[in-house]
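J.: Sequence:
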Amino acid sequence: RGFLDQFPAKLSMTPITEPKVLDYVGDKPDDVGVSGFVIIAESHISIHTFPIREYVNVDIFSCKGFDDLQALEEVKLLFGFADVKTWLLDRGLEWIDAKQGLNEVDLQRNTLSSEGISTPRV
1 RGFLDQFPAK
11 LSMTPITEPK
21 VLDYVGDKPD
31 DVGVSGFVII
41 AESHISIHTF
51 PIREYVNVDI
61 FSCKGFDDLQ
71 ALEEVKLLFG
81 FADVKTWLLD
91 RGLEWIDAKQ
101 GLNEVDLQRN
111 TLSSEGISTP
121 RV
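Residues in the sequence shown are numbered consecutively from 1, following our numbering.
There's no promise every hint is true.
Here are the computed lysine-lysine pairs in the DSS-like style, where the Cα-Cα straight-line distance is at most 27 angstroms [claimed, not checked]:
1) Lys-10 / Lys-64
2) Lys-20 / Lys-10
3) Lys-85 / Lys-64
4) Lys-64 / Lys-99
5) Lys-85 / Lys-28
6) Lys-85 / Lys-10
7) Lys-20 / Lys-64
8) Lys-85 / Lys-99
9) Lys-20 / Lys-76
10) Lys-76 / Lys-64
11) Lys-20 / Lys-99
12) Lys-10 / Lys-76
Label-pair restraints from in silico Cβ distances [said to hold, decoys possible]:
13) Val-84 / Gly-26: 17 to 25 angstroms
14) Gly-2 / Thr-86: 18 to 26 angstroms
15) Val-32 / Leu-77: 23 to 31 angstroms
16) Asp-90 / His-48: 19 to 27 angstroms
17) Leu-102 / Gln-6: 34 to 42 angstroms
18) Asn-110 / Ile-16: 22 to 30 angstroms
19) Gly-26 / Asp-59: 12 to 20 angstroms
20) Leu-88 / Asn-110: 14 to 22 angstroms
21) Gly-26 / Ala-82: 22 to 30 angstroms
22) Arg-109 / Gly-2: 33 to 41 angstroms
23) Asp-31 / Gly-2: 18 to 26 angstroms
24) Val-84 / Phe-61: 29 to 37 angstroms
25) Val-34 / Lys-99: 34 to 42 angstroms
26) Lys-99 / Arg-1: 35 to 43 angstroms
Hint data in this document are derived by calculation from the structure and do not stem from the laboratory.
We put the beta carbon where it would ideally sit given N, CA and C, even for glycine.
Produce the entire structure from the sequences given, and follow the hints as far as they go.
T.: Structure follows, in structure tokens:
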């Protein structure tokens with residue numbers, strides 16, 4: 001919860017709700033973790049943790065521009081990460097291009113499939 005309380009201010013974003021944090025236990029032994037989110041005036045920030053897998057997923061959705069490199073450094077510092085994978089996607093109506101969007105979805109599905117990760121059908 002501390003991450004969701006403090007992180008928006010580090011990016012000059014405005015929380016409009018208290019953070020919500022939930023424990024999660026899935027069907028598999030390593031499918032255990034904590035997820036949380038906070039609604040911000042600019043959109044939302046969410047986090048999903050899987051300690052047994054040593055995996056954390058942080059999503060920052062914002063209609064307002066922000067320093068993505070600063071956000072990455074803050075997350076790396078907080079969790080002590082050396083290696084990270086990032087995806088930066090521009091959002092908003094001005095970015096919609098159906099062909100490019102479909103190509104991006106196919107590329108991501110192929111990447112996940114080649115890594116042995118099952119992908120949901122959309």
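J.: For each hint, tell me whether it holds in the structure or not.
T.: Structure-based check of each hint:
1. Distance restraint check for Lys-10 and Lys-64: the Cα-Cα separation of roughly 14 angstroms lies within the 27 angstroms cut-off, and the hinted pair is therefore satisfied.
2. Restraint check: the Cα-Cα separation between Lys-20 and Lys-10 comes to about 19 angstroms, which is no more than 27 angstroms; the hinted pair holds.
3. Taking the CA atoms of Lys-85 and Lys-64, the gap is about 22 angstroms. The hint holds against a cut of 27 angstroms.
4. Distance restraint check for Lys-64 and Lys-99: the Cα-Cα separation of roughly 25 angstroms lies within the 27 angstroms cut-off, and the hinted pair is therefore satisfied.
5. For the hint linking Lys-85 to Lys-28, the alpha-carbon distance of about 24 angstroms falls within 27 angstroms, and the restraint holds.
6. At most 27 angstroms may separate the alpha-carbon atoms for a hinted pair to count; Lys-85 and Lys-10 meet this at roughly 21 angstroms.
7. For the hint pairing Lys-20 with Lys-64, the CA-to-CA distance comes to about 22 angstroms; that is within 27 angstroms, so the pair holds.
8. Proposed proximity of Lys-85 and Lys-99 is supported: the alpha carbons are some 25 angstroms apart, at most 27 angstroms.
9. Distance check on the hinted pair: Lys-20 and Lys-76 sit about 22 angstroms apart at the alpha-carbon level, within 27 angstroms; holds.
10. For a cut-off of 27 angstroms, the pair hint linking Lys-76 to Lys-64 stands: about 22 angstroms separates their Cα positions.
11. For the given pair, Lys-20 sits about 36 angstroms from Lys-99 by alpha-carbon distance, which is inconsistent with the 27 angstroms threshold.
12. Proximity of Lys-10 to Lys-76 is assessed by CA-CA distance (about 14 angstroms); at most 27 angstroms being required, the pair is judged to hold.
13. Between Val-84 and Gly-26, the C-beta spacing of about 23 angstroms keeps the proposed range 17 to 25 angstroms intact.
14. At roughly 22 angstroms, the beta carbons of Gly-2 and Thr-86 sit within the given window of 18 to 26 angstroms.
15. The hinted window of 23 to 31 angstroms between Val-32 and Leu-77 holds, with their beta carbons roughly 25 angstroms apart.
16. At about 22 angstroms, the beta-carbon gap between Asp-90 and His-48 stays in the expected band of 19 to 27 angstroms.
17. Between Leu-102 and Gln-6 the beta carbons are some 38 angstroms apart, a value that agrees with the proposed interval 34 to 42 angstroms.
18. Checked against the given bound of 22 to 30 angstroms, the beta carbons of Asn-110 and Ile-16, roughly 38 angstroms apart, lie outside it.
19. Range check, Gly-26 to Asp-59: about 19 angstroms between beta-carbon atoms, so the 12 to 20 angstroms window is met.
20. Checking the proposed 14 to 22 angstroms range against Leu-88 and Asn-110 shows it holds: the Cβ atoms sit about 19 angstroms from each other.
21. Remark: the range hint 22 to 30 angstroms for Gly-26 to Ala-82 is upheld by a beta-carbon distance near 27 angstroms.
22. Judged by the Cβ atoms, the range 33 to 41 angstroms given for Arg-109 and Gly-2 holds: they are separated by roughly 35 angstroms.
23. Roughly 24 angstroms separates the CB atoms of Asp-31 and Gly-2, a value that falls within the hinted 18 to 26 angstroms.
24. Hint check: Val-84 to Phe-61, Cβ distance near 18 angstroms, so the stated range 29 to 37 angstroms is violated.
25. Look at Val-34 against Lys-99: about 38 angstroms separates their beta carbons, and that is inside 34 to 42 angstroms.
26. For Lys-99 paired with Arg-1, a C-beta distance near 41 angstroms keeps the hint of 35 to 43 angstroms intact.
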